Amino acid sequence: MMAHLPLLPILIPLFAAGLALLAEHRRFGMAPQRAIAALSLLAQLVVAGLLLQRVSQGEILVYLLGDWPARLGISLMVDRLAALMVTVALLLGIACWIHACAGWDRRAPHFQAFFQIQLMGLNGAFLTGDLFNLFVFFEVLLIASYGLLLSGGRGGRLRAGFHYVSVNIAASTLFLMALGLLYGLLGSLNMAEMAARVATASAHDRLLVQAAASLLLLVFCTKAALLPLSLWLPETYARAPGSVAALFAVMTKVGLYAVLRVSTLLFGSAAGVLANFAGPALLVAGVATLALASLGVIASTRLRVLASYLVLASAATLFIAFSLGRPDTIGAGLFYLVHSTFAGAALFLIAHHVRRHRDGDTAVAGLSARGWTVAGVMFLVAAVSLAGLPPLSGFLGKLALLDATRDHAEIWLALLLSSFVVLIGLARAGTRVFWKQAPSASQVALASPVLPARRLEVVATVLLLGYGVAITVAAAPLFAYTQAAATQLAAPAQYLEHMRAQTPILRSP
Amino acid sequence: MELALASAIGLLTAAGIYLLLRARSFDVILGMTLLSYATNLLIFACGRVVAGKPPVLRAFAPTTLAHYTDPLPQALVLTAIVIAFAMTAVSIVLAIRSRADNGSDHVDGIEGERLQEARNQARLQKRKRRA
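If you're matching them up, the sequences are chains A and B in order. Residue numbers for the first sequence, in this note's numbering: 1 to 509. Residue numbers for the second sequence, in this note's numbering: 510 to 640.
The set of hints was computed from the structure by calculation and includes no laboratory data. Please read these numbers as outputs of a predicted model, since none were measured by experiment. All residues carry an ideal CB built from backbone N, CA and C; glycine is no exception. One thing to keep in mind: the hints can contain errors.
[Unchecked claim] Subject to a maximum C-alpha distance of 25 Å in a straight line, what follows is the list of computed SDA-like cross-link-like pairs (lysine to any residue):
{"#": "1", "chain 1": "B", "residue 1": "K562", "chain 2": "A", "residue 2": "G73"}
{"#": "2", "chain 1": "B", "residue 1": "K562", "chain 2": "A", "residue 2": "D403"}
{"#": "3", "chain 1": "B", "residue 1": "K562", "chain 2": "A", "residue 2": "L185"}
{"#": "4", "chain 1": "B", "residue 1": "K562", "chain 2": "A", "residue 2": "V462"}
{"#": "5", "chain 1": "B", "residue 1": "K562", "chain 2": "B", "residue 2": "T542"}
[Unchecked claim] The following label-pair restraints were derived from C-beta to C-beta distances:
{"#": "6", "chain 1": "A", "residue 1": "R355", "chain 2": "B", "residue 2": "A595", "range": "27 to 35 Å"}
{"#": "7", "chain 1": "A", "residue 1": "G430", "chain 2": "B", "residue 2": "L520", "range": "12 to 20 Å"}
{"#": "8", "chain 1": "A", "residue 1": "P109", "chain 2": "B", "residue 2": "F594", "range": "17 to 25 Å"}
{"#": "9", "chain 1": "B", "residue 1": "I605", "chain 2": "A", "residue 2": "R27", "range": "25 to 33 Å"}
{"#": "10", "chain 1": "A", "residue 1": "L42", "chain 2": "B", "residue 2": "A595", "range": "48 to 56 Å"}
{"#": "11", "chain 1": "A", "residue 1": "R428", "chain 2": "B", "residue 2": "I601", "range": "37 to 45 Å"}
{"#": "12", "chain 1": "B", "residue 1": "V591", "chain 2": "A", "residue 2": "R507", "range": "46 to 54 Å"}
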């Protein structure tokens with residue numbers, strides 16, 4: 001059983017999705033589906049914990065699917081980074097699932113099945129060590145995200161959804177083209193194997209490899225929303241239902257993960273002339289994205305749009321951290337990634353909460369005074385965290401990043417200016433939403449009746465904010481872990497070593 | 510053979526991108542389909558263009574690459590075809606539903622002619638205000 005551990009994060013949600021489809025909600029009600037999903041999440045939590053424990057000592061687990069040797073078949077590969085990403089996605093998924101169980105899963109048909117498939121796609125994308133397999137898992141998670149986004153939606157959401165689907169299909173086509181070219185040039189799709197062949201490519205092939213790899217990075221940048229390719233994001237995320245938008249906070253991180261994986265493994269220190277060839281361009285684009293996102297935060301008139309621009313800002317910050325390609329910046333970036341995923345998702349849930357209880361501009365309609373205090377405090381915690389103010393995790397993440405980029409004045413300028421602009425935007429949004437003067441009695445009478453706050457939704461939001469507090473409290477061990485993950489990424493040769501050392505048990509090729 | 514294949518890929522890509530940039534959802538879907546055909550041909554060609562050689566092992570031929578064609582790109586193309594096919598179906602359903610809900614499938618949300626009309630009217634009103 002322990003030998004098959006790397007496969008379980010993919011298998012468990014796959015079977016749970018199938019079972020959730022069989023337990024049709026129109027016949028059996030919501031309870032069986034929710035029980036299946038809860039069991040699946042619990043099992044994944046155990047597996048993620050075991051994986052973290054296995055890799056935290058620096059071991060790289062390699063799992064050969066179908067027992068074919070790594071250079072022929074598909075292999076899964078778990079290092080510190082992959083285990084961390086699986087855990088982050090799962091913790092986020094649990095909060096989003098609790099939020100959805102407050103009622104959204106009843107309105108959107110097959111929500112539970114889509115949700116499990118989404119988790120399967122995310123886990124698969126983080127665990128795979130094969131580039132074509134990465135494409136397949138990207139498609140799995142995208143198809144599930146189309147379902148989550150559009151199921152139960154109408155009108156404007158469908159139009160935004162069509163844009164989202166078209167952008168992603170076009171990006172997937174480019175992904176396939178890049179894969180075809182790379183296979184033609186290098187003769188392998190296993191990432192560790194490709195890394196060895198990039199280093200020994202002839203001068204004649206090198207330009208072609210660079211072109212194909214640029215195409216590949218272009219695709220990942222589209223998913224991670226880097227500037228010229230980021231225009232699809234705010235509209236889509238702002239239109240998505242609350243719990244789904246919160247889950248999507250990890251989707252840009254998948255693109256970032258892929259950029260990091262490809263640029264450290266394929267084009268890391270061992271790649272010779274091509275080492276980190278895209279770094280300078282990514283840095284410039286990252287700074288530009290950060291500027292645009294900060295302006296977007298200030299300009300947005302709705303809380304959900306503001307949250308979308310904050311997702312963009314965090315992705316841009318991570319691009320800046322990863323583009324330098326140094327272990328210390330990558331380690332700081334990974335810490336910031338964990339923080340920004342949870343905090344950004346929490347803001348989406350708060351925006352959903354506010355929207356549900358707010359009637360146009362009359363802020364106080366529909367929720368008791370105590371309910372507003374709770375919402376206000378939740379917003380305050382999320383905003384402090386996102387703006388990077390002490391004492392919460394955002395401050396620690398930004399501090400680590402600034403410390404690691406001490407020799408780059410332009411990065412300091414970009415990060416500090418954008419933090420300031422974001423702070424203004426968040427302060428203004430908080431003042432306008434929560435501190436508006438109470439309307440007169442006649443206005444209250446006209447406004448919609450008081451809706452009871454859904455307890456589960458508040459619980460989910462508090463859980464996400466609690467993750468943020470936990471990161472702050474346990475910052476030292478987490479930071480040590482991300483630093484170790486970055487150091488591991490900086491030595492790509494050992495991946496190849498582990499990959500080649502893993503031989504089939506039953507088969508001799 | 511290579512020239513024909515390369516020009517076919519180029520033509521399909523060009524036509525696909527042209528259609529992708531148009532404002533109607535039907536054109537966009539056609540463009541995505543053409544692009545996926547181009548991609549399939551490209552992947553297939555990346556296994557090198559070999560005529561009359563099988564991709565599976567045979568008993569009487571020696572197992573060197575001179576006697577076989579690379580089977581992996583063909584497997585990749587199969588996967589790509591299936592995914593592209595499914596995505597086309599999804600986007601068609603989505604486009605139909607979106608058109609039914611929003612009354613238009615134009616990218617700007619308003620039919621082209623109606624957009625022009627609205628612009629003309631705005632211009633007229635501006636003139637009136639000035640007068």
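Each hint, compared with the structure:
no. : hint                          : verdict
1   : K562/B <-> G73/A              : 22 Å, holds
2   : K562/B <-> D403/A             : 59 Å, violated
3   : K562/B <-> L185/A             : 21 Å, holds
4   : K562/B <-> V462/A             : 63 Å, violated
5   : K562/B <-> T542/B             : 29 Å, violated
6   : R355/A <-> A595/B: 27 to 35 Å : 33 Å, holds
7   : G430/A <-> L520/B: 12 to 20 Å : 55 Å, violated
8   : P109/A <-> F594/B: 17 to 25 Å : 23 Å, holds
9   : I605/B <-> R27/A: 25 to 33 Å  : 28 Å, holds
10  : L42/A <-> A595/B: 48 to 56 Å  : 31 Å, violated
11  : R428/A <-> I601/B: 37 to 45 Å : 43 Å, holds
12  : V591/B <-> R507/A: 46 to 54 Å : 27 Å, violated
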